[in-house]
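Chemist: Protein chains in written order, with my numbering: chain A, 31 to 354; chain B, 10 to 134.
No lab work stands behind these hints: they were computed from the structure.
Some hints here could point you the wrong way.
[Said to hold, decoys possible] Straight-line Cα separation of at most 30 Å, BS3-like style, residue types lysine-lysine; simulated pairs:
1. B/Lys66 to B/Lys82
2. A/Lys84 to A/Lys95
3. A/Lys49 to A/Lys95
4. A/Lys49 to A/Lys84
5. A/Lys84 to B/Lys82
6. B/Lys82 to A/Lys161
7. A/Lys84 to B/Lys66
8. A/Lys95 to A/Lys161
Note that the structure is a prediction, hence the values are computed from the model and not measured.
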Amino acid sequence: MADRTPSAPARVAVRRTYKLYLGGAFPRSESGRSYPVTSSRGLHLANAAQASRKDVRDAVVAARKAFPGWSGRTAYNRGQILYRVAEMMEGRRAQFAGEVAAAQGVSEARAQGVVSAAIDRWVYYAGWGDKLGQVLGAANPVSGPYFNHSQPEPTGVVGVLAPDGSPLLGLVAVLAPVITAANTAVLVASERAPLPAVTLAEALATSDLPGGVVNVLTGRLGELAPPLAGHADVNALDLAGAGGLAAELEERAAGTLKRVVRAGRHDDWSAADPGVARIRPFVETKTVWHPMGVWRLRPGDPVALAGWSWRPAGWAAVSRNGRW
Amino acid sequence: MTGTACSYEQNPAERGYWFPPTVFTGVTQAHRIAREEIFGPVLSVLTFRTPEEAVAKANNTPYGLSAGVWTEKGSRMLWTASRLRAGVVWSNTFDVFDPASPFGGYKESGYGREGGRHGLEAYLG
Numbered sequence: 031m032a033d034r035t036p037s038a039p040a041r042v043a044v045r046r047t048y049k050l051y052l053g054g055a056f057p058r059s060e061s062g063r064s065y066p067v068t069s070s071r072g073l074h075l076a077n078a079a080q081a082s083r084k085d086v087r088d089a090v091v092a093a094r095k096a097f098p099g100w101s102g103r104t105a106y107n108r109g110q111i112l113y114r115v116a117e118m119m120e121g122r123r124a125q126f127a128g129e130v131a132a133a134q135g136v137s138e139a140r141a142q143g144v145v146s147a148a149i150d151r152w153v154y155y156a157g158w159g160d161k162l163g164q165v166l167g168a169a170n171p172v173s174g175p176y177f178n179h180s181q182p183e184p185t186g187v188v189g190v191l192a193p194d195g196s197p198l199l200g201l202v203a204v205l206a207p208v209i210t211a212a213n214t215a216v217l218v219a220s221e222r223a224p225l226p227a228v229t230l231a232e233a234l235a236t237s238d239l240p241g242g243v244v245n246v247l248t249g250r251l252g253e254l255a256p257p258l259a260g261h262a263d264v265n266a267l268d269l270a271g272a273g274g275l276a277a278e279l280e281e282r283a284a285g286t287l288k289r290v291v292r293a294g295r296h297d298d299w300s301a302a303d304p305g306v307a308r309i310r311p312f313v314e315t316k317t318v319w320h321p322m323g324v325w326r327l328r329p330g331d332p333v334a335l336a337g338w339s340w341r342p343a344g345w346a347a348v349s350r351n352g353r354w
Numbered sequence: 010m011t012g013t014a015c016s017y018e019q020n021p022a023e024r025g026y027w028f029p030p031t032v033f034t035g036v037t038q039a040h041r042i043a044r045e046e047i048f049g050p051v052l053s054v055l056t057f058r059t060p061e062e063a064v065a066k067a068n069n070t071p072y073g074l075s076a077g078v079w080t081e082k083g084s085r086m087l088w089t090a091s092r093l094r095a096g097v098v099w100s101n102t103f104d105v106f107d108p109a110s111p112f113g114g115y116k117e118s119g120y121g122r123e124g125g126r127h128g129l130e131a132y133l134g
């Protein structure tokens, strides 16, 4: 029997549903809502999921759950995984370019350039992971018989509001530094142009990035940002895309002493070497003191034995009775 | 405070506005005296059976200014110190400070560091 060429009826199109990315899965919003996304010229592009406050809370739970595993890996291994993400982005280059061209109203060639810059930026931050400790850490020369060193550690769960004007490069420029520092993230995509974020989520899901390390929400900024900024289990907030909500969000963030990065007046996402400027706000410095000596700690020893005999004259003035 | 024993020498009301050194034993994580800092000469004592349990209990708080570890095993100290979510970890010592050593907390214990290179950074442009 000869093969029949399927020429007559047109094939039923496989249409893509733009969903959220939560805990490694792609659910619709629990609210069941979606909203229309248009190109820079006002043409309808797609219906994106319109996340709710409950989706925000679910995303924070997923990010918190993923934090011990992600921060517990070696920095080198995180770097390898992030490089793998760049490989996956490279494979979706055409899709990214199409979405960037539609969202920003630029030519195909210009969109390709933006995609290249975004992938390069991702690789740049992938490389930072195992160098942070050396650049931001220190061995501290204290006046006493102690080994004392400071190391950067992840702040925890970081809420990221992606910038509105640069839906792919800006997105990468705010997200990659957060997770290369071993944080986990809840990302609110650009409300106007969320499609590159959804495609990035699909690249993340097909890399070796554990589920929950990045959670992507699409929807109304005014609905999603306030509960994220006020959430007690979020440790830090990047307000790059906050727009007019920034003051209100900072006020909410202050309630639980979140670390906050304000949007710059002229954030330039195209700088080739941004350094650690966007990493440093999302690390905490841990300082460990360890006595140096040849004694052996025994039950009954005064525990501060190592610390008290050497203090130089004038110490009290410096330390105010031993406390700052 | 079911199951919690409180021991101190005498009734504080008898001798001015001073509170005698006090040790609470049998404290659980649910107790307010374990969840919030008491700014007084008071110690809330919890117990643990494994190092993992000790770390989980120590980190189960919205604060993280300092922590202390006592052990005679260096590898255990480093293991524990790397898991404690606190700005300063004192090992086999406590409450030691130096202008060259950064001091400051994680989470809701505050912003930034004082001391050391990290403390100086806030003064640079």
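Chemist: Is A/Lys49 within 30 Å of A/Lys95, Cα to Cα?
Modeler: Distance ~21 Å between A/Lys49 and A/Lys95 Cα, so the pair holds.
Chemist: Need the status of pair A/Lys49, A/Lys84: alpha-carbon distance at most 30 Å?
Modeler: 15 Å, holds
Chemist: With a cut-off of 30 Å on the C-alpha distance, tell me whether A/Lys84 and B/Lys66 pass.
Modeler: OK: A/Lys84 and B/Lys66 at ~28 Å, within 30 Å.
Chemist: Against the 30 Å threshold, does the CA-CA distance of A/Lys84 and B/Lys82 hold or violate the hint?
Modeler: 46 Å, violated
Chemist: Would you mind confirming whether the straight-line C-alpha gap from A/Lys95 to A/Lys161 stays at or under 30 Å?
Modeler: 26 Å, holds
Chemist: Is B/Lys82 within 30 Å of A/Lys161, Cα to Cα?
Modeler: 28 Å, holds
Chemist: Going straight from one Cα to the other, do B/Lys66 and B/Lys82 come out at no more than 30 Å?
Modeler: Since the Cα atoms of B/Lys66 and B/Lys82 sit roughly 21 Å apart, the hinted pair holds (cutoff 30 Å).
Chemist: Need the status of pair A/Lys84, A/Lys95: alpha-carbon distance at most 30 Å?
Modeler: 17 Å, holds
Figure legend: structure checked against the earlier numbered hints; the only hint not met is number 5.
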